[in-house]
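> Construct the entire structure; sequences and hints are all you get.
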Amino acid sequence: GEDVEQSLFLSVREGDSSVINCTYTDSSSTYLYWYKQEPGAGLQLLTYIFSNMDMKQDQRLTVLLNKKDKHLSLRIADTQTGDSAIYFCAEGHGSSNTGKLIFGQGTTLQVKP
Amino acid sequence: GAGVSQTPSNKVTEKGKYVELRCDPISGHTALYWYRQSLGQGPEFLIYFQGTGAADDSGLPNDRFFAVRPEGSVSTLKIQRTERGDSAVYLCASSSNPGSSYEQYFGPGTRLTVT
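Chain order of the listed sequences is A and B. Sequential numbering from 1 applies to the first sequence in our numbering. Sequential numbering from 1 applies to the second sequence in our numbering.
Simulated from the structure, these hints should not be mistaken for laboratory data. Wrong hints could be hidden among the right ones.
What follows is a list of derived Cβ distance ranges for each label pair [to be verified]:
| no. | chain 1 | residue 1 | chain 2 | residue 2 | range |
| --- | --- | --- | --- | --- | --- |
| 1 | B | A55 | A | S27 | 18 to 28 Å |
| 2 | A | S17 | B | R81 | 41 to 51 Å |
| 3 | A | T25 | B | A55 | 16 to 26 Å |
| 4 | A | G15 | B | T115 | 42 to 52 Å |
| 5 | B | G28 | A | M53 | 41 to 51 Å |
Remember, it's a predicted structure, so these values are computed and weren't measured experimentally. In this text, a Cβ means the ideal position worked out from N, Cα and C, and glycines have one as well.
So, in structure tokens, the structure goes:
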């Protein structure tokens with residue numbers, strides 16, 4: 001079945017880089033996503049990568065995809081205290097009957113000043 | 001423009017009661033999704049609407065859960081005979097790309113607490 005796994009917690013110092021990792025099982029996934037959730041707030045789409053790409057950069061964010069190993073990572077450069085949140089990896093399909101997203105359990109990023 | 005809105009933001013109910021949760025999608029979005037997020041977990045898919053019809057309800061946990069979208073816009077998630085295990089944040093998302101996971105926009109959620 002479909003499954004997405006993430007490590008639960010990451011702590012970094014302000015100004016360092018953060019790397020959040022994710023593994024997934026569905027080889028037919030078309031898109032892979034990173035969402036951010038701050039306390040009391042809804043899910044915010046940070047970035048996504050299409051499955052035929054291996055890297056995508058968007059300002060301080062870099063997404064790396066290893067499709068062979070079904071491994072996705074999110075690197076945040078120059079991490080700030082405002083980046084403290086829960087980060088969810090999700091997989092989805094560009095064209096299917098549903099378009100439903102399968103989420104990991106989330107990685108809590110703690111940024112220490 | 002206005003995003004996805006959900007009401008109420010918080011709902012406390014007693015075990016055994018009936019509740020309705022409402023979602024207002026982004027105007028013009030034909031696809032609407034409901035997810036449930038339990039404490040410490042990621043969101044889990046419940047149901048997907050394309051227009052007025054439920055195209056995929058495979059995520060509904062049992063027949064106490066039901067959702068409607070009668071005019072293809074606002075959707076209501078209905079839970080009968082609530083149980084303590086139903087306590088969670090219920091999230092709604094909408095998309096202009098039917099059947100695609102691409103660019104789903106999420107609302108702030110309704111926190112349901114069953115006592």
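> All hints are to be evaluated individually against the structure, with a verdict given for each.
Outcome of the hint check:
1. A55(B) - S27(A): 18 to 28 Å: Between A55(B) and S27(A), where Cβ atoms are some 24 Å apart, the hint holds.
2. S17(A) - R81(B): 41 to 51 Å: holds, 49 Å
3. T25(A) - A55(B): 16 to 26 Å: The hinted range 16 to 26 Å holds for T25(A) and A55(B), with Cβ atoms some 24 Å apart.
4. G15(A) - T115(B): 42 to 52 Å: holds, 45 Å
5. G28(B) - M53(A): 41 to 51 Å: violated, 29 Å
When each numbered hint is compared with the structure, a violation occurs for hint 5 only.
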